[in-house]
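To get our numbering, take the position in the sequence shown, counting from 1, and add 111.
Calculated directly from the structure, the hints in this document are not laboratory data.
Among these hints, one or two may not hold up.
Taking CB as the label site, the calculated pair distances span [as the list claims (entries may be wrong)]:
| id | residue 1 | residue 2 | range |
| --- | --- | --- | --- |
| 1 | Trp-319 | Asn-299 | 13 to 21 Å |
| 2 | Pro-294 | Leu-317 | 20 to 28 Å |
| 3 | Gly-322 | Asn-298 | 32 to 40 Å |
| 4 | Phe-181 | Ile-242 | 37 to 45 Å |
| 5 | Glu-277 | Gly-371 | 46 to 54 Å |
| 6 | Pro-209 | Pro-297 | 25 to 33 Å |
| 7 | Thr-374 | Ile-242 | 44 to 52 Å |
| 8 | Thr-332 | Gly-356 | 20 to 28 Å |
| 9 | Thr-374 | Pro-178 | 45 to 53 Å |
Okay, derived cross-link-like pairs now, SDA-like style, lysine to any residue, Cα gap no bigger than 25 Å in a straight line [as the list claims (entries may be wrong)]:
| id | residue 1 | residue 2 |
| --- | --- | --- |
| 10 | Lys-286 | Ala-218 |
| 11 | Lys-326 | His-222 |
| 12 | Lys-333 | Gln-256 |
| 13 | Lys-213 | Ile-295 |
| 14 | Lys-241 | His-222 |
| 15 | Lys-241 | Gln-256 |
| 16 | Lys-300 | Arg-331 |
| 17 | Lys-286 | Thr-304 |
Beta carbons are placed, not taken as given, at the ideal position from N, Cα and C, and that holds for glycine.
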Amino acid sequence: MASTACASSAIAAVAFSSPSSQKSGSIVGSTKASFLGGKRLRVSKLGASSGSRSFGTVCVAADPDRPIWFPGSTPPEWLDGSLPGDFGFDPLGLGSDPETLKWNVQAELVHCRWAMLGAAGIFIPEFLTKIGILNTPSWYTAGEQEYFTDKTTLFIIELIFIGWAEGRRWADIIKPGCVNTDPIFPNNKLTGTDVGYPGGLWFDPLGWGSGSPAKLKELRTKEIKNGRLAMLAVMGAWFQAEYTGTGPIDNLFAHLADPGHATIFAVSGVLYELCIQGVNRLQEEGFEEFLGGKVVFVYH
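Turn these sequences into a full structure, and let the hints guide you.
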């Protein structure tokens with residue numbers, strides 16, 4: 112995930128090849144963290160008196176009280192637990208550069224928020240339509256509907272609103288805190304906020320953004336965790352629409368009504384039959400001859 116947050120590591124053990132090299136010296140080399148086995152630093156010690164050189168290994172282990180994405184793994188050094196939703200997951204080292212890490216944190220935050228809005232826009236209208244309260248089209252076919260104006264005008268309106276929102280977000284990155292100040296009444300502002308939080312002056316009407324650091328960390332972690340689930344949910348809804356031709360709520364109700372037959376395997380059987388019908392049609396139209404008779408269709 113792009114944010115992969117930050118977490119402090121504690122040195123578990125240090126083993127050097129000779130006792131004399133432990134008395135004095137300085138670390139001059141290191142290697143990067145491994146994927147699962149923990150971080151190993153290649154250490155060179157230069158003896159102050161004898162000038163002899165010895166090498167050792169430093170094994171860095173994570174705080175045992177800190178939740179880690181994989182039990183027994185060691186988070187990289189740039190993930191020190193200070194960011195919300197950090198479980199020490201960064202196998203590709205995307206956050207090794209401090210500036211890149213800051214950007215990735217903001218990128219994940221905004222994707223989480225858009226995904227939560229998108230998931231709500233997919234599941235809630237479909238559920239309310241299913242139980243007869245609303246009558247809305249599926250999110251997957253909503254773009255085919257006729258609205259109060261043409262699609263070009265709608266697209267321009269969307270660009271204006273999204274451009275304004277993204278512009279404000281960019282301004283908060285360039286000049287932290289500027290979006291938390293009223294442009295007309297400068298005294299009306301939020302102080303002591305971080306980039307991306309709460310997202311603007313009017314985005315915290317209940318005052319959840321104020322309080323102890325522990326409370327803020329908990330709320331921000333909940334936001335990131337729910338946002339990550341929302342990104343997976345939106346991806347799952349898209350896959351269901353592509354694979355079954357219906358929405359997630361319709362699939363859920365169908366499965367609850369007939370758990371033994373309304374499954375992904377049943378859909379696979381339908382797709383298989385459609386493929387067989389397509390193959391038969393291609394054979395009837397001489398498709399094999401068109402390809403020089405080199406195509407062999409195997410089915411039963």
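Lys-213 and Ile-295 were given as a pair; does the straight-line alpha-carbon distance stay at or below 25 Å?
violated (30 Å)
Assess, step by step, whether the Cα of Lys-300 is no farther than 25 Å from the Cα of Arg-331, and give holds or violated.
holds (20 Å)
For the hint 20 to 28 Å, verify it against the beta carbon of Pro-294 and that of Leu-317.
holds (23 Å)
Holds or violated: Lys-326 to His-222, with C-alpha atoms at most 25 Å apart:
It holds: about 23 Å lies between the C-alpha atoms, which stays within 25 Å.
For Lys-286 and Thr-304, compute the direct alpha-carbon distance and say whether it is at most 25 Å.
With Cα atoms ~12 Å apart, Lys-286 and Thr-304 stay inside 25 Å; holds.
Hinted pair, alpha-carbon criterion (25 Å max): Lys-286, Ala-218. Please report holds or violated.
Holds, at roughly 17 Å.
Given the proposed pairing of Lys-241 with His-222, does the C-alpha separation stay at or below 25 Å?
Roughly 28 Å between the alpha carbons, so the hint for Lys-241 and His-222 is violated.
Is it true that the C-beta distance of Pro-209 to Pro-297 lies inside 25 to 33 Å, as the hint says?
holds (32 Å)
For a C-alpha distance cap of 25 Å, please report whether Lys-333 and Gln-256 respect it.
Given that 25 Å is the threshold and the Cα spacing comes to 36 Å, the pair is violated.
Mind checking the hinted window 45 to 53 Å against the Cβ distance between Thr-374 and Pro-178?
Since Thr-374 and Pro-178 have Cβ atoms about 33 Å apart, the given range 45 to 53 Å is violated.
Does the Cβ pair Glu-277, Gly-371 satisfy 46 to 54 Å?
holds (48 Å)
Next pair to validate is Lys-241 with Gln-256; report whether the Cα-Cα distance is within 25 Å.
Judged against 25 Å, a Cα distance of about 19 Å means the pair holds.
Going down the numbered hints, you'll see the structure goes against 3, 7, 8, 9, 12, 13 and 14, while the others check out.
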